[in-house]
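This is what each chain is made of:
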Amino acid sequence: MPHHPMEFSLLDLVYVLGIFAAFALVGLIAWGVSKL
Amino acid sequence: MDSSLLAILQVGALVLILVAIHRPLGDYMARIYSSSKDLRVERGFYRLIGVDARGEQTWMAYLRSVLAFSLVGVLLVYALQRAQAILPYSLGFPAIPEGLSFNTAISFVTNTNWQSYSPDVTLGYTVQLAGLAVQNFVSAAVGIAVAIALVRGFARTRQGTLGNFWVDLTRGTLRLLLPLAALTAIVLIAGGVIQNFAGFTDVTTLTGGTQSIPGGPVASQEAIKMLGTNGGGFFNANSAHPFENPTGFTNLLQIVLMLAIPFSLPRTFGVMVGDKRQGFAILAAMAAIFVVSLTALTLFELGGAGTAPQLAGGAMEGKETRFGIATSTLFGSTSTLTSTGAVNSMHDSFTSLGGMMPLINMMLGEVAPGGVGSGLYGMLILAVIAVFIAGLLVGRTPEYLGKKLGPREIKLASLYILVTPTLVLAGTALSFAIPAIRDDVESTSIWNPGLHGLTEVLYAFTSAANNNGSAFAGLTANTPWFNTALGVAMLFGRFIPIVLVLALAGSLAAQPKIPSTAGTLPTHRPQFVGLLVGVTIIVSALTYFPVLALAPLAEGLQ
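Line order of the protein sequences matches chains A and B. Position 13 of the first sequence, counted from 1, bears residue number 15 in the numbering used here, the numbering being contiguous throughout. Position 38 of the second sequence, counted from 1, bears residue number 55 in the numbering used here, the numbering being contiguous throughout.
Please keep in mind that the hints were generated in silico from the structure rather than gathered at the bench. These figures come from a predicted structure and were not determined experimentally. Errors might be hidden in some of the hints.
As the list claims (entries may be wrong) - With a straight-line cut-off of 25 angstroms between C-alpha atoms, the simulated SDA-like cross-links for lysine to any residue are: (1) B:Lys421 / B:Ile531; (2) B:Lys530 / A:Ile31; (3) B:Lys421 / B:Leu538; (4) B:Lys421 / B:Arg175; (5) A:Lys37 / B:Asp365; (6) B:Lys428 / B:Ser524; (7) B:Lys428 / A:Leu19; (8) A:Lys37 / B:Gln528; (9) A:Lys37 / B:Ala85; (10) B:Lys428 / A:Gly20; (11) A:Lys37 / B:Arg542; (12) A:Lys37 / B:Pro452; (13) B:Lys530 / A:Gly29; (14) B:Lys293 / B:Leu42; (15) B:Lys421 / B:Thr439; (16) B:Lys428 / B:Ser460; (17) B:Lys421 / B:Thr174; (18) A:Lys37 / B:Thr174; (19) B:Lys428 / A:Phe10.
Stated by the list, open to error - Just a sample of chain B residues kept apart from chain A, beta carbon distances all over 10 angstroms, derived: (20) Arg64; (21) Met77; (22) Ser87; (23) Ser118; (24) Val151; (25) Leu200; (26) Val516; (27) Ala520; (28) Thr534; (29) His541; (30) Ile554; (31) Gly573.
By construction, the Cβ of each residue, glycine as well, lies at the ideal position given by its N, Cα and C atoms.
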C-alpha cells in the first residue's frame, strides 16, 4: 500500500472557516427572519 | 415483449405498489412522530446526548438544533475525507483534495449527493460508510423532521413550540429509515446488487488483457440512497452500473423506494392535521404534475429526431439497452421530481427538449412529490401561496387549515420561493460574468460549447441549489470554482428554506384556530388541486422562462 502522508494546508483552514461562516450567515438570516 | 406494453405494465405496477403502501406507511409515519412513548434504545441515546425527550422546542430552538447537527456533520465528513490516507479500508486511495472535500461534505449533509468525483476510484470504504452512508440516513431524517415541524405548526393551536428535533431525528432514523433500508438492502442483494468488502479484483479478459473489477458494500448504500432520496452512487455510472442496478426488477424497486416516503407523507400530513382529505389534495397535485412531466419526457425521447434515433425507435444515446427508453424516462423523471438525483441513463444525452424536463422538474422546486420531507414542506409553502392568490381574487383574508395567513406568513412563503431561483440564476450568471471564471469554465469544464454548454452549467446550479444532485455529465465540475460555488449553493439552498419553513411553522403554531365559514376556501376539492398545480407551474415558469429560452429551448429550435 503506498504511503500517503496526512498533510493539512492553509486551504483547509479557508474551507473550514468558510463552513463556519456560511452557517453563521444562515443563523444571521434566521435572526433577521425572526424580526419580520 | 413490446416496449410500449412493457412501459404500461411497469407504470401500472408502480402505481399499484404506491397506492398499496400510501396509507399504511403514511399512518405509520404519523404514529412515529405523534407517539409519546420512546423505545429503550432511544431513551439510552437521549441520555447519552443529554436530551430531555419531553422538552419542547420553539422554532428558533428547533432550527438551532438542525443547524448545529448539520454543521457538525459537514465538519466530520470533511475531516474523514482529508484523513482518508490513514483510515482503514481506504483501498490505498489518498486524501481527497480540499475543494472536493468541501463540496462532498456539504453535498451529503444537505441531502444533495452531487458528486464531482468518480466514487469507485476516489473513496475507500470507511469514507463511504462512516461518512456518506451515515449522512444518507440522517440528512433524510432531518428533511422529514422539518416537514413534521411544519405540519405540527398547522395542527397545533396557541402553542409556542414545534416538538423536539432530537426526538424527531432519532425516531425518523431508528423507526423508519433503518428498518426499511435494511429490509430493502436484502431484497436488492437477492436481486443481484453486490455487497462485499472485496476491494478490486484483477481478472484476465478473454482477449488476454487485465481488468480491475471493483467490489464494495453497494446494496446497503443503494437502499438508503433511494429511500432517503439521496442519489449518490457507489459507482460513477450510478444506477446505470450493473453492480448497482442489475435488472429490471431492481430498477423498479429503486423507483418505488424513491417515491415511497414522499408520496406517503401527504397522508401523514392529513392524519396529523385531522383531515385526511387535505393530505389527499396535496397528493393529487403532486401526482398530476408527476404524470404530465413523465409523459412529456417520454414523448420527447421516443420522438428523438435524426437517423440514428429513428432506427433505434427513439433517442437511445446514453441509455442502457437493457432498460430502454420508457424505463429510463420513468427513472429520470422520478429522480428529478424527487430530490434524489440518481441516474440510470445520462441526462446529458437526452434530446434537447427531453433534457429540459429534468431541469424543469428541479426548477418546480422538487415538489411532485419532492425529497423526503422537503417535497411536503415545499408543496405546503406553495399551498400557502395558492390560498393567498385565491384570497386576493375574491377579496377575503386568506386562511389555510384554520390558520390566518397574514403579512408575516406571506412574507416567509414569498421569501421561500425566491431563495432557490436566486442561487441558481446568480450562480449560473457569475460563471460567465466574471472573465477569469468564464475562461476557466469554458476551457476546463464545458465539453460541449454553445447553447448546450450553457444548459450544462444551468443544470449544475439548478441541481445543487435544489439539493437534487443529478448532473448533465458533460461538465467537469471538479474545479475550484464549481466545487466552491456549488457547495455554497447546496448549503444555502438547503438551510435558508429550512429557516423560513420553521419560522412559518412557529408563526402558525402560535395562532388560534379559526372555524371555517361559508366564505372559507375549501382546500380539499379538485378546484384547489388545480389552483395549486397552476401556481406551482406559473411561479417556476415566470422565474425561469428567460434562461430556459436561452439554453435548452434555443437548442431545441436549432
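Outcome of the hint check:
1. Between the alpha carbons of Lys421 (chain B) and Ile531 (chain B) the distance comes to roughly 8 angstroms, so the proposed pair stays at or under 25 angstroms and holds.
2. A threshold of 25 angstroms between alpha carbons decides the hint, and for Lys530 (chain B) with Ile31 (chain A) the separation of about 29 angstroms lies outside it, so the pair is violated.
3. Our distance criterion of 25 angstroms between C-alpha atoms is met by Lys421 (chain B) and Leu538 (chain B), whose separation comes to about 12 angstroms.
4. Taking the CA atoms of Lys421 (chain B) and Arg175 (chain B), the gap is near 13 angstroms; set against the 25 angstroms cutoff, the hint holds.
5. Pair hint Lys37 (chain A) plus Asp365 (chain B) does not hold up; C-alpha atoms about 44 angstroms apart against a cutoff of 25 angstroms.
6. For a cut-off of 25 angstroms, the pair hint linking Lys428 (chain B) to Ser524 (chain B) stands: about 12 angstroms separates their Cα positions.
7. For a cut-off of 25 angstroms, the pair hint linking Lys428 (chain B) to Leu19 (chain A) is broken: about 31 angstroms separates their Cα positions.
8. About 17 angstroms separates the Cα atoms of Lys37 (chain A) and Gln528 (chain B), which keeps this hinted pair within 25 angstroms; it holds.
9. Using a Cα cut-off of 25 angstroms, the hinted pair Lys37 (chain A) and Ala85 (chain B) holds, with the two alpha carbons roughly 21 angstroms apart.
10. Simply put, Lys428 (chain B) and Gly20 (chain A) have alpha-carbon atoms about 29 angstroms apart, too far for the 25 angstroms limit, and the pair is violated.
11. Distance check on the hinted pair: Lys37 (chain A) and Arg542 (chain B) sit about 36 angstroms apart at the alpha-carbon level, beyond 25 angstroms; violated.
12. The hinted pair formed by Lys37 (chain A) and Pro452 (chain B) fails the criterion: a straight-line CA distance of about 39 angstroms is larger than 25 angstroms.
13. For a cut-off of 25 angstroms, the pair hint linking Lys530 (chain B) to Gly29 (chain A) is broken: about 30 angstroms separates their Cα positions.
14. As the CA atoms of Lys293 (chain B) and Leu42 (chain B) are separated by approximately 14 angstroms, the hinted pair is consistent with the 25 angstroms bound.
15. For the given pair, Lys421 (chain B) sits about 28 angstroms from Thr439 (chain B) by alpha-carbon distance, which is inconsistent with the 25 angstroms threshold.
16. For the given pair, Lys428 (chain B) sits about 42 angstroms from Ser460 (chain B) by alpha-carbon distance, which is inconsistent with the 25 angstroms threshold.
17. Note on Lys421 (chain B) and Thr174 (chain B): the hinted pairing holds, with a Cα-Cα distance of about 12 angstroms set against a maximum of 25 angstroms.
18. The hinted pair formed by Lys37 (chain A) and Thr174 (chain B) meets the criterion: a straight-line CA distance of about 22 angstroms does not exceed 25 angstroms.
19. For the hint pairing Lys428 (chain B) with Phe10 (chain A), the CA-to-CA distance comes to about 44 angstroms; that exceeds 25 angstroms, so the pair is violated.
20. Arg64 (chain B), annotated as away from the interface, keeps every beta carbon of chain A farther than 10 angstroms; the closest lies near 27 angstroms.
21. Not every Cβ of chain A is farther than 10 angstroms from the Cβ of Met77 (chain B); the closest lies at roughly 6 angstroms, contradicting the non-interface assignment.
22. Look at Ser87 (chain B): its CB is around 8 angstroms from the nearest CB on chain A, not clear of 10 angstroms, so calling it non-interface is violated.
23. The claim that Ser118 (chain B) is not at the interface with chain A is violated, since a C-beta of that chain comes within 10 angstroms of its own (minimum 7 angstroms).
24. Against chain A, the non-interface label of Val151 (chain B) holds: every CB pair exceeds 10 angstroms, the least being about 18 angstroms.
25. A cut-off of 10 angstroms between C-beta atoms confirms that Leu200 (chain B) is not in contact with chain A; the least separation is 35 angstroms.
26. Val516 (chain B), annotated as away from the interface, has a beta carbon of chain A within 10 angstroms; the closest lies near 5 angstroms.
27. Non-interface status of Ala520 (chain B) relative to chain A is broken: a Cβ of that chain comes within 10 angstroms, the nearest being about 5 angstroms off.
28. Once the 10 angstroms rule is applied to beta carbons, Thr534 (chain B) is consistent with being away from chain A; the minimum gap is 28 angstroms.
29. A cut-off of 10 angstroms between C-beta atoms confirms that His541 (chain B) is not in contact with chain A; the least separation is 30 angstroms.
30. Once the 10 angstroms rule is applied to beta carbons, Ile554 (chain B) is consistent with being away from chain A; the minimum gap is 27 angstroms.
31. Taking the minimum C-beta to C-beta distance to chain A, about 37 angstroms, the non-interface status of Gly573 (chain B) holds against the 10 angstroms cut.
Checked against the numbered hints given earlier, this structure breaks hints 2, 5, 7, 10, 11, 12, 13, 15, 16, 19, 21, 22, 23, 26, 27; the rest are met.
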